[in-house]
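Chemist: Spelled out, the chains give:
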Amino acid sequence: MFEISEINKRNQKTQKLFQILFMMMTVLLIMPVVAILGMLIYKGGSIISVDFLFSNPTNGMTAGGIFPAIFGTVWLVAVALLVSVPIGVAAAIYLSEYAPDNWLTRIINLAIINLAGVPSIVHALFGVGAFVIFFGFGTSILAASLTLAIMTLPVVIVASRESLQAVPLAFRMACWNMGATRWQTIRRVVLPNAVSGILTGVILEVSRTTGETAPIMFTGAAFFLPFLPQSVFDQTMALSLHLFVVSTQVPGVPEDLPYGVALVLIAMVLIMNSLSIAFRMYLRGKKKW
Amino acid sequence: MNQASHNVAQKSTDKYAIHTTNLNLWYGTFQALFNVNLNIKDGIITSLIGPSGCGKSTFLRSVNRINERLGYVRIDGSIDVRGQNIYAKNVEILQVRKQIGMVFQRPNPLPISVRENILFGHKIHRSGKVSSRSEQDDIVESALRTVLLWDKVKDQLDRKATELSLEEQQKLCIARLLPVKPSILLMDEPCSALDPKGTEAVEELIWELRGDYTILIVTHNMAQARRASEECIFMLMGKVIEHTATEDMFVTPKNSETADYIEGRYG
Ligand SMILES: Nc1ncnc2c1ncn2[C@@H]1O[C@H](COP(=O)(O)OP(=O)(O)OP(=O)(O)O)[C@@H](O)[C@H]1O
Ligand SMILES: [Mg+2]
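If you're matching them up, the sequences are chains A and B in order.
Sequential numbering from 1 applies to the first sequence in the working numbering.
Sequential numbering from 1001 applies to the second sequence in the working numbering.
Be a bit skeptical, because a hint or two may be false.
[What the hints assert, rightly or not] Here are some chain A residues pointing at chain B (derived, C-beta under 8 Å): (1) Ala166; (2) Ala170; (3) Trp176; (4) Asn177; (5) Ala180; (6) Gln184; (7) Val189; (8) Asn193.
[What the hints assert, rightly or not] Far from chain B, some chain A residues (derived; all Cβ distances over 12 Å): (9) Phe18; (10) Phe22; (11) Met23; (12) Tyr42; (13) Leu110; (14) Asn114; (15) Gly136; (16) Val167; (17) Met173; (18) Thr200; (19) Asp234; (20) Pro251; (21) Ile266.
Since the hints were made in silico from the structure, they are not lab data.
Fair warning: this is a prediction, and the values are worked out from it, not measured in the lab.
We put the beta carbon where it would ideally sit given N, CA and C, even for glycine.
Same shape as in the complex, but just chain B (with noise of 0.2 Å):
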């Protein structure tokens, strides 16, 4: 499985890769998140949806504690990853964004080869010494293998990342986060900016990274989210409304706004 370190004292938390705890955000005074309690299991895929607004970019942010580039953000409760309080006084931030890996909805390779982009977290990661040229092939060739891309491009390395297909664009976004090692990945809308045919592709390579990596994904894609993930959450103004197996959310929703929602009436 994968790399994360289990040396934190046992906890019965530690079975789950996030857990939250009266998690609230705020942006200035505007409250963004209500107290998300959240137990993610590992290895497995788990949907993240509601409509526009509700907060699950948000959630999701806080995961890699990327929101707080923005300066106005305050955040009270805590997320623990593995049994670790991300949000504690020790805790590097540059380590907990290599642990946990997002991909954005609007696929954004970085505007160097395809080679530089996949070497790219590895080589700001390394330790001092300089990794051979043998040694970054199989980086490269290891991390496109596993996103279905390395058939595609293993000709084209040299290539311009911002030239490929979206769809290979955002194959190639996922494959950069994979050699720095991240047990887990955060997917905001993954397949939205793709054509049916790169969302089905997609969407079968995070079933294929399922096991390997504990995946959030949000979707506004209802089929989408059925298809794709074990657990499902569905979020409502900040707060989380239902948290169960996919299959039971969409045939058996607990709650009326769940139903409304999965059934198409809210916007």
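Same shape as in the complex, but just chain A (with noise of 0.2 Å):
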């Protein structure tokens, strides 16, 4: 009554089949990452030095440090979501928790929708025209951030949004019907609740901006600079950029150089990512619903 029949040993055999096609296809998709760092290290690993990242560059970018480049993406990347955050947080608690449901919300969601879509390099179009020469910024740190700043905003947006969302409405219940206004209940209840999701998305969006090249081009980065950015209205240099200099732009460059300014640029990146996987653990494990 009990034994193994055969469609079920049929049936098995087809769900193993599944089983091991899906997981050979999950392996698969950290090939790329391995295969990536481990060249990267493998060719670029031998240049890294305390030196390497803290002097200037040196014989046409030839040889010597990428300091300068580090020192520049931090700061583009501190500025753009200086002015990218608030924004976004803002937008995105008016639209999660006042927005009424009628056409200019509807427009607004839209237009966030498209601005997510557009290509950087029509952003760093757009950079030129209006921060460069509209507002008379330059090509600046400044100029550059706010490019970068408004690339990155729909993604903080939504990603805000949705961890405000995610937010029990029994909870704004509770508040309203206590006699709590809209606002001490965001402030009180639903942010507290959502900082996590937000956070989270707001550094993934820093390990995606540190690697943007194209806003920054022609907005505010430079090929080589002999000195450190004495504020946001002079130019910089930026790793991304400084990575396609050496690659492509400069002769007689030796070969581990590109690979190790990529490394670190890629160690940022991964940096910052395990940063925020971490604090979304640790916040995660203190949040009990």
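Build the complex from these two chains, which are given one at a time in their own frames, with help from the hints.
Modeler: Written out as structure tokens, the structure reads:
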């Protein structure tokens, strides 16, 4: 009565087959990551040293370090976030907590989706037109960061809105029923519970922004600068652009230099991502609904 | 008794905690309440029974104006709370919600500590000055004592409220309404997520609160309505069919539909 039948056997075989298939697909997925990292470490690992990280490029960028580029990237990303996070989170709060369901809201949502789909080179051209020329910031950290900010804005908004909406309605109900205003509800209950999701979105955006080249190329990043930027109105070097330059634009660069730059860039991104994952796990562990 | 101010002109309806006149309510084009005329007495427990979808929750939610958050709700007629129309132009909705507390079917404590849950209402309504620690301690203790929860949670006030048992959570949800001194408590099936023991405990608590608060409680449990209320309202398809003393309703219902429902011939 309970013995295995022919049909059972056949079904189990099929099930096993698919399980293996899916697992192989998953393993396939991590291969490029491993391959890229392996190659970078193999070819560029030897050049990495304290000196490489903390000194200026020399000999027409064929030797020396990459400190100005690292420094510039940090600056560009930081200023971009300083602009996009407050605006993005505020917009997300409005859309999730206040906005009535009408044509204006729908147009705004549509605009956000479309903004997310705009290619980065188009953002770059917009940045040149708007910030470099129209607002007269010139090619500067400010113009480049604002361009990056506009590019990251849709993702910040969408990620924040999603984490706000994940906060159960029952919590809001509880607050409203005690006579809390919408703002009190947001401030005391909704935001504290959404902050882990918002931060995760923001940190992931950091890692994406770090690698962008096109938007900063015409707006504020320079091929080579012998000094560090003094204010947001100066140009700066940046890792991503530097990688492009030493890979394709300068003759006589030793082979391990571009790989070393790429390794530093990827390491920065990976460190950011790991931090974000660790942080999310920490906050998730604290949160219990 | 309670703190409601009685400075409005005395009308004959003032002795009622809640008095509705020709209350109609629509969700969009769907009419959920039809000409509801009710006089709910002060300081007693009134239960609200009727088959699923008859508009019990809708009525409850219109008494503290929480329905309006939906945006597509339209109301016609009036609800007077202690002689004052809460749908009048000059009424501040936040004051209405403060005066009229609500408890839900599913306990919904906020995901913060027990202590902070109790102080939440107090903190959002305080005027400017921050209350001292000892003042806050008093508020927490007295609210928790009122709901018979103090002895159980006095050593875990900093524990997350969402980790308590459902029964304790529901009691906490009642307790957190008290510091802002409401006069009316609306309860929408407050025991239906609880086990029999929890149900009994919460019922007992509700009975204790009688007199200090006017309580309007929705229930699907006939035995509970009979045990735990003094007056009973039977609703059917958005209309009030019968409203009398609970005992009378269960012993000699005037209306045949009421009788059918009580004897279990409806859903
Ligand atoms: N938010 C809403 N939007 C539209 N229609 C609603 C909404 N809430 C309730 N209704 C409708 O109004 C009617 C009354 O619903 P209500 O929730 O008040 O019934 P109830 O008596 O509380 O039922 P139950 O015993 O199942 O809780 C139902 O027909 C329901 O479908
Ligand atoms: Mg209901």
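Chemist: Evaluate each hint against the coordinates.
Modeler: Hint check:
Among the interface hints, the one on Ala166 (chain A) is violated; its C-beta lies about 13 Å from the nearest C-beta in chain B, farther than the 8 Å criterion. Because the smallest distance between the Cβ of Ala170 (chain A) and any Cβ of chain B comes to about 4 Å, under 8 Å, the interface hint for this residue holds. Interface restraint check for Trp176 (chain A): the shortest CB-CB distance to chain B comes to about 6 Å, inside 8 Å, so the restraint holds. This hint holds: Asn177 (chain A) has a C-beta 5 Å from the nearest C-beta of chain B, less than the 8 Å allowed.
For the restraint placing Ala180 (chain A) at the interface with chain B, the shortest Cβ-Cβ distance is roughly 5 Å, inside the 8 Å limit, so the hint holds. Among the interface hints, the one on Gln184 (chain A) holds; its C-beta lies about 5 Å from the nearest C-beta in chain B, closer than the 8 Å criterion. Because the smallest distance between the Cβ of Val189 (chain A) and any Cβ of chain B comes to about 6 Å, under 8 Å, the interface hint for this residue holds. Hint on Asn193 (chain A) holds. Least Cβ distance to chain B is approximately 6 Å, under the 8 Å limit.
Against chain B, the non-interface label of Phe18 (chain A) holds: every CB pair exceeds 12 Å, the least being about 39 Å. Once the 12 Å rule is applied to beta carbons, Phe22 (chain A) is consistent with being away from chain B; the minimum gap is 36 Å. Listed as a non-interface residue, Met23 (chain A) keeps its Cβ farther than 12 Å from every Cβ of chain B; the least gap is roughly 37 Å. The beta carbon of Tyr42 (chain A) is kept farther than 12 Å from every beta carbon of chain B, the shortest such distance being approximately 48 Å.
The claim that Leu110 (chain A) lies off the interface holds: its Cβ sits roughly 21 Å from the closest Cβ of chain B, which is beyond the 12 Å cut-off. The beta carbon of Asn114 (chain A) sits about 27 Å from the closest Cβ of chain B, which is more than 12 Å, so the claim that it is off the interface holds. Every CB of chain B is more than 12 Å from the CB of Gly136 (chain A) (nearest about 45 Å), matching its label as outside the interface. Its closest Cβ contact with chain B, about 9 Å, brings Val167 (chain A) to no more than 12 Å, contrary to its assignment away from the interface.
For Met173 (chain A), the requirement that its beta carbon stay farther than 12 Å from each beta carbon of chain B is not met, with the minimum near 6 Å. For Thr200 (chain A), the non-interface assignment is confirmed: its Cβ lies about 18 Å from the closest Cβ of chain B, beyond the 12 Å cut-off. For Asp234 (chain A), the shortest C-beta to C-beta distance to chain B comes to about 46 Å, beyond the 12 Å cut-off, and the non-interface label holds. At roughly 61 Å, the least C-beta separation between Pro251 (chain A) and chain B is larger than 12 Å, which holds for a residue marked as non-interface.
Listed as outside the interface, Ile266 (chain A) is consistent with that label: its C-beta sits roughly 38 Å from the nearest C-beta of chain B, beyond the 12 Å cut-off.
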